Amino acid sequence: MRLSLLAATAALALAFGAPGAQAASPANALVIGTQLSAVPSLDPAAINARTVSEIVSNLYDNLVMVTPDDLQTIRPMLAESWTVADDKRSITMTLRQGATFSSGNPVTAEDAAWTIQRVIKMGQVGSTDIALWGFTKDNVDQLVQAKDERTLVISLPQPVSTDLVLYSLAGASLGIIDKKTALEHEQNGDLAQNWLKANSAGSGPYKLTTWRPNDILLCDARADYWGGAPAMKRVVMRHVPESGNLRLQVEAGDIDIGQYMANSDIEALKAKGAAVDPGPGLGFYYMAMNTQDPDLAKPKVREAFQHIIDWKPLAETTMNFNGFPWQSIIPKGMPGAPTGEPTGYQYDPELARKLLAEAGYPDGLKKTLYPSGDALLKMAVALQASAKKAGVEFEVVPGEHTPDFRARKYQVLVGNSGTRLPDPFGTLVQYAYNPDNRDEAKLGGYYLWRTALDAPELTQLVTQSKSETDPAKRAQLFTEIDQKFKAMVPSLVIVLQRTDPYVIRQGVSGYVGNPTWSTRWHDVKKN
Amino acid sequence: MTTVDTFNRPARFLRMRRLSGRTLSVVVTLVGLMLLTFSMGRLLPADPVLAVTGSEVDKATYDRVYQELGLDQPVWQQFLSYVGRVATGDMGRSLTTGQPVSADLLSVFPATIELALVAILCGTLVGVPLGVAAAVNRGRPIDHVARVIGLAGHSVPIFWLGLIALILFYAKLQWVAASGRIDILNEGMVPPITGLLLLDTALQGEWDVFRDALGHIILPGAILGYYSVAYISRMTRSFMLEQLGQEYIVSARAKGVSRRRMIWAHAFKNIRVQLLTVLALTFGGLLDGAVLIETVFGWPGLGQYLTRGLKMNDMNVVMGAVLLIGITFLVINIISDRLYRILDPRTR
Amino acid sequence: MSNPLIEVRNLGIAFGRGAAAVPVVRGVSFALGREKLGIVGESGAGKSTVGRALMRLLPPAARVTADRMAFRDTDLLAASERQMMELRGRRMGLILQDPKYSLNPVVPVGEQIAEAWRLHHKGPAREARERTLAILEAVKIRDPARVARLYPHEISGGMGQRVMIAMMLIAGPDVVIADEPTSALDVTVRLEVLHLLDELIESRGLGLILISHDLNLVRRFCDRVVIMYAGRVMEILPAADLERAEHPYTRGLLASLPSIHRAQDRLPVLRRDPAWLAGAGGTP
Amino acid sequence: MTATFSAPQGGLRAWLKTDAPRTVFQSAMQQLYRGWRRFATHPLGLAGLAVILLLVIAAVAAPWLTAYDPIAQDMVNRLQPPSAAHWFGTDEFGRDVFARVVYGARTTIYIILLVTIIVAPIGLLIGACAGYLGGWVDEVLMRVTDIFLSFPGLVLALGFAAALGPGITNAIIAIALTAWPPMARLARAEALSLRKADFIAAVRLQGASKTRIITRHILPMCLPSLVVRLTLNMAGIILTAAGLGFLGLGAQPPLPEWGAMVSTGREFMIDCPWVITAPGIAIAVVSLAFNLAGDALRDVLDPRSGE
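If you read the sequences in order, they're chains A, B, C and D. Position one of the first sequence corresponds to residue 1 (the numbering used here), numbered consecutively onward. Position one of the second sequence corresponds to residue 1 (the numbering used here), numbered consecutively onward. Position one of the third sequence corresponds to residue 1 (the numbering used here), numbered consecutively onward. Position one of the fourth sequence corresponds to residue 1 (the numbering used here), numbered consecutively onward.
Please keep in mind that the hints were generated in silico from the structure rather than gathered at the bench. Computed from a predicted model, the values in this text were never measured in an experiment. Heads up, the beta-carbon is just placed ideally off N, CA and C, and yes, glycines get one too. It is possible that part of the hints are untrue.
To give an idea of the interface, some chain B residues facing chain D are shown, with a C-beta separation under 8 Å as derived from the structure [unchecked claim]:
1) 25
2) 79
3) 80
4) 159
5) 163
6) 165
7) 292
Full structure from sequences and hints, please.
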């Protein structure tokens, strides 16, 4: 009896001692450590989050694309060329020859038309960017048609800047799907939604081999890709929830790219020679105030709240890789965006106290503060402390509060936004657009609506910027919107512009984070 | 001649009644489990309709789905339909993974079972000898040391221990892997039979994949095992003390039996069955520790699946996972009772 | 007493350490030849303690001192644990009181008997099995093959004690210490087991120490008797001379025994004399 | 006769030691004294008790032990290693870790007291009623207990905590909901063994009602083993609270709670280990202390359960 126990311990010790040299990530495979927790589907039309957009943009090709270094220039991809009609109400695109899906079927204009129609008909989060141009379930079949094998015509129901339409076609959700293969797996008219959740039918450089939610994603390269076989034969995305664990693996060389890492781990890896792509994003960290709350409805209170956020040390320490100070609703570098350091509101507890007293609250205010999710908790705690000095008492309630934010059931909330449209209109439609302020409208997609602040003039200007086709006029419109937004003491206080850092192991090159979240693996190399 | 008891009821009838008595209590407990998870699901602040339709939905579809889910029916009717659905294995669809919850549970549960089994093995290999040593040397320093080592296992926060072990055994010594159940090279190489990687690879003779899987499971398993050492060693100690005081020990020694044989071949042989029930209870307790360990080691198991469900207010996941854990607990207790009867000659 | 099997002089046993030590046995001396020696006394007189001390089976807290405590020429005090292991079972056997507790409940009785043999004799399992069946027959158990497979809770008290005897005799000891061997049995079985024990002891020419609180049993069954009281030996005398015992304690004991021949309405109660505790030592 | 508390000859020791206590109070004190004497023979038990006393002192005397405010942020010297100024260093918001551990003791005491107040009465009442009344009452109550027991503590607590929402009080209620079943089981076992006791029959003969018997006679008898079981389980309760804190369902920021501190501190564990070490050790030491004290207490209060 005793012997068997000793034998078992010895066996364990032997195995324990020598599981072989830790297999560093192989030379021709790229290993990405990330969070795969909230990925309900790999269907391009059903997704808009960052990580899954990256996956989808490597399984599927778009008609056109924008590269990380120049977000304004629209470049050809599956569409070789395109022309805009004189009345600017339709775009005719000519598809390239020789591009094939992973099933071997050739990529035709019919696949492109069907894909766009499908996105609109499904009407899920993937359609937000393109639905803005007026496409609906009823009109999309007539408006988007394949003239022949290689020609696709897109007619616009309303006057819209064609650049905006093309930008939305570059988004991950508009990845072109192999119509024939998809329809083979359609289940009672669901446009193959269920099948595409865990399978891929695209023409991208990689095809899906294994997908286990919250665990692992395996994609293998296609040697016959029309844009040339990618260097990395296999790409693995591994779910590593613990940042410390991920950092150790990057240090040990088992993982090449680290995403969603804690700032201290990024700093440590940077010090050890890893490259850090700051990954500027098209979104902001903001503090939202629900103007249905009687106190927050008063502009003077909102003005005071602009001075309770100590954003300098926040950007330098707690959130140093999560964003840089920014106070405009137009992303930096975009047409109409201010230049230089933000000069608007500074952290000034005394001023805030004075303003609150003027607004009728001599001994300050007490409100609940919701972080929109766990990632925002540390920002909420920092805000809680800095606001205390200004006489504002915040009770922080941790948890998942995005649903409350959408349903206007909150007082003060800190959150972050993101969009994939590389055009100011993308953020303006979120922050300065509120066509119908009634509760029944349920326009949860617009942040301004969530704060219940009616701004008809701003809304009108934003609609105008959508249809304005002349670039110079659009830039002037954007600046005007930005100034008017600041002038009305908005219910959304912009604190930082968002950055999503990627840590890239030494010896890995060609991995560049795309602000529109269509980060492509095609050019990644290892030496 | 059928054996009858004092009220001349045939033994077969008695056994049947006792069996039915026990299955009745099992069924009642099962329904109780579902009542608990159902009410827990209802209390969760998430709106079940949005879980199905996604957050942007117009009034019409909202009402249609509301009706479809039967939320308009009285609560007890909803509970009955819930029990009906669960009986057929339909636990609804998960918000976070998009898959039906029952499919998710099938893929995550073997990972936790395997982790718990390795943990129990480690916990026993350390806990039992520790308990025996403490009992045999009662009162002497080794007794106190054994108790502190055991209790420390239960007192030290498991996630803290996990992180420290990672730094030591993974970062510095490179002995083990850091996360996941297997290296990406071996991913999908071995067709699953039981879903337990160690077993599947061993059965199919894939020894280096086995060693790789072992390298991934040994650290989280050992730490989770250490978490259960306190309970196992304490129970072993009290069982052993009870046996060492028995007369048959004196008669064994009078026969000239060596000390070691007296401890293991005689005293320990008597407590093996009792230890079985202790291990069964420990298995349940391990599911607690698994919840934390799986987060630290990125182990794609039931624990992580449940905590993510709770964090994302994914109601179907919470109800499904908690119910599965409850049922596992129940099954383990039943099996340990049955084994207790079979293995102990006195009650056969 | 020519070369005795066991010789004990001025044996003292105390429990606990230093000042807290509680003396249980003081100044006991006696010798055992190939005879049946009874040790009798009230419960708590220390007779079981003496018996177990001889085989060094007392719990670690016990302190055993003696001028001499030897089995033949082996000094039992100085013997190493390894030597004692060889001696126990092979040279000296111990029969305990209640088979329900003194047999391992989860091991078949045959196996427990065979173990006693295999501990001291190398050899194939077949031989141990044969020896077991032989000894079971020697203790008059019918159908030994079937009984060997049974568990202790499946056999009666009488049969259990026979198994106990078999277990202790299989290795061929020279001395058997029987600690209240029949107290747990009902009266009818008690005599059978005693005769069996007597027969085996006589036929194999062993030395027996029979520890009991039953004066009548010892008087009829043993050659010599050691009377113990509060850890001391009051008197050692041949069983036949019990009626002519000199020590007041022995006479007091005898007087308090009910007897079929003499009708007595009130049995005299023993009056304890502290003087008995003063001196120590009885004749060897 | 009324006992006047006269100065007994030979001082307190003699008063405690005399074989003939004159008042109920004196006999109770004597029992306590004898219990303490037996408790004092356990070195580990004493160590455990010492740590628990330390915890209470730290909680009560927190403001005097450290000048720092556990909540005030001081971003300038953020993540400073332990130094003369900050004995345990500072955390990611520049708060003094030593102060947060000391004030964290208050949270832990709050958890312990609240759980005890909720768990002891529920457990005792359900157990005693089930044990004493028997029949279908026993069957129903025990089924309910079994259902709660068939969940590992943390998992059930997680479920309730998520349902009730974050916050230390909700977390404690969740923990209490999972901690009462073992108490009920224990009280039931005691009540079952007492039900047949003669003195209970005697009381019943005097016409005492069921409730009176349970409350006045059965409950007090269950107290000793309940105290022991509660002390032993307290370690589990503290760890469950820490587990909830780790998963973000425990205390709301900025309240200093050891589990939450370890959870947020784990982000800096590799570079600034002191942020996580102090609260980690605090959790370990306190729960170890309760385990050791519980073991020693078990010896004193119900020796018949053996070692």
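Hints, verified against the model:
Annotation: interface hint on residue 25(B) holds; nearest CB of chain D at approximately 7 Å, less than 8 Å. The beta carbon of residue 79(B) is not positioned within 8 Å of any beta carbon in chain D (closest approach about 15 Å), and the interface hint is therefore violated. The closest approach between the C-beta of residue 80(B) and any C-beta of chain D is roughly 18 Å, which is over the 8 Å cut-off, so the hint fails. Given hint, residue 159(B) at the interface with chain D, holds; its Cβ is 5 Å from that chain's nearest Cβ, closer than 8 Å.
The beta carbon of residue 163(B) comes within 5 Å of a beta carbon in chain D, closer than 8 Å, and the hint placing it at the interface holds. Interface restraint check: residue 165(B) against chain D, minimum CB-CB distance 12 Å, threshold 8 Å, status violated. Interface restraint check for residue 292(B): the shortest CB-CB distance to chain D comes to about 6 Å, inside 8 Å, so the restraint holds.
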